[in-house]
Amino acid sequence: AQSVTQLGSHVSVSEGALVLLRCNYSSSVPPYLFWYVQYPNQGLQLLLKYTSAATLVKGINGFEAEFKKSETSFHLTKPSAHMSDAAEYFCAVRRDYGGSQGNLIFGKGTKLSVKP
Amino acid sequence: DAMVIQNPRYQVTQFGKPVTLSCSQTLNHNVMYWYQQKSSQAPKLLFHYYDKDFNNEADTPDNFQSRRPNTSFCFLDIRSPGLGDAAMYLCATSPRLGTDTQYFGPGTRLTVL
Chain L
1 AQSVTQLGSH VSVSEGALVL LRCNYSSSVP PYLFWYVQYP NQGLQLLLKY
51 TSAATLVKGI NGFEAEFKKS ETSFHLTKPS AHMSDAAEYF CAVRRDYGGS
101 QGNLIFGKGT KLSVKP
Chain E
1 DAMVIQNPRY QVTQFGKPVT LSCSQTLNHN VMYWYQQKSS QAPKLLFHYY
51 DKDFNNEADT PDNFQSRRPN TSFCFLDIRS PGLGDAAMYL CATSPRLGTD
101 TQYFGPGTRL TVL
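Protein chains in written order, with our numbering: chain L, 1 to 116; chain E, 1 to 113.
Be a bit skeptical, because a hint or two may be false.
As the list claims (entries may be wrong) - Going by beta-carbon spacing under 10 Å, a handful of chain E positions derived as facing chain L:
id : residue
1  : Gln-37
2  : Tyr-49
3  : Asn-55
4  : Cys-91
5  : Arg-109
To be clear, the hints were calculated from the coordinates, so they are not data collected in a lab. Where is the CB? At the ideal position from N, CA and C, for every residue including glycine.
Bound-form chain E, shown alone (with noise of 0.2 Å):
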């Protein structure tokens, strides 16, 4: 089934220590998101790429950094982690901008020690 995959599932890092989260993507998608996610709140975007295209929003902070080296391939890298940042995060993809549905990864839950 063509899907959306993220790796890992869960992943504890250190404060301060860089991490990667992945996606990846069979849907053959143009367009992936990254969103964050905190404990009993909204998803909200950081940032997406349409196909090579890097759009961030604007109050995304410049501790997280995005690489899209492929079509199925989208990494989140957190370089310097602090608590704030524990979340889930959570990966999507759609066919072009605009597009009515977006589809989701099933996450990676963050926590910072």
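Just chain L, with the same shape it has in the complex (with noise of 0.2 Å):
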């Protein structure tokens, strides 16, 4: 069975400080990952993905995520907080077996927290 482990269920940084988010997945077949942010009250928006092109993906609002086999790692990184990158943090990984094959299976999710 597919999953996804997102470690820190908050993580809080300075504005201006780098940004580290980590999910691991398990996954017996090449995964295809995904990054979704939620602000608060609203639906989820996709950050960025990897569909087995580059390993390192570059997604909207400078976030970008290494895609690490070795590691089954797919850490989210900013260099620089922003105030408005306050928002949860929602690892996926598609599904690839069953009935329900396509959809996606979220982690739990982290909150960033940026103090300014």
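Combine both chains into one complex, guided by the hints.
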């Protein structure tokens, strides 16, 4: 079965500091991986996705993520945090088995706080 | 702009009183999904429609039903809401099954009194 694990339910950084949100996946097949962001009382918005092309993926709002097969990781980073980055971030893997093939399996989320 | 719209954004219902949540899309996507997201938890897929084909997740309670009268609209019916059904309900669409990106609506927050 496939799954994602997000380490740290809450991360706090200062404005201008590096943002690092961790995601590890489990998959018996080459995974398709995603990061979504959710602002308070909003739906989810796609930040970036890995679909077996370049291992370093650049997304919107200055975020990027690197796929590391040896570490089964897909951590999300941003060099300099902005106050507007405060939100909840979800890592997801595309399901590749069973009747719901193609659907997304989400991690539990990491809430990012940015201090002035 | 093409988008996914959910109405209402906030819904209050009483224990046991049927409620319907609405989702519409202007993206002309074939697949529509309904997720339940409880506080501080990951979105949990309830079911999806591929065109008119309905696919229920194995652990979705019978209390939850869905209708898709046409490509643009999809409804979530909760027949007898319990206190445990209070959550954010998210609708999403994608062009086809297995497509990389799902496009989410803003969600409907359901309160059960």
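Hints, one by one, checked against the model:
no.: 1; hint: Gln-37; verdict: holds (9 Å)
no.: 2; hint: Tyr-49; verdict: violated (12 Å)
no.: 3; hint: Asn-55; verdict: holds (6 Å)
no.: 4; hint: Cys-91; verdict: holds (8 Å)
no.: 5; hint: Arg-109; verdict: holds (7 Å)
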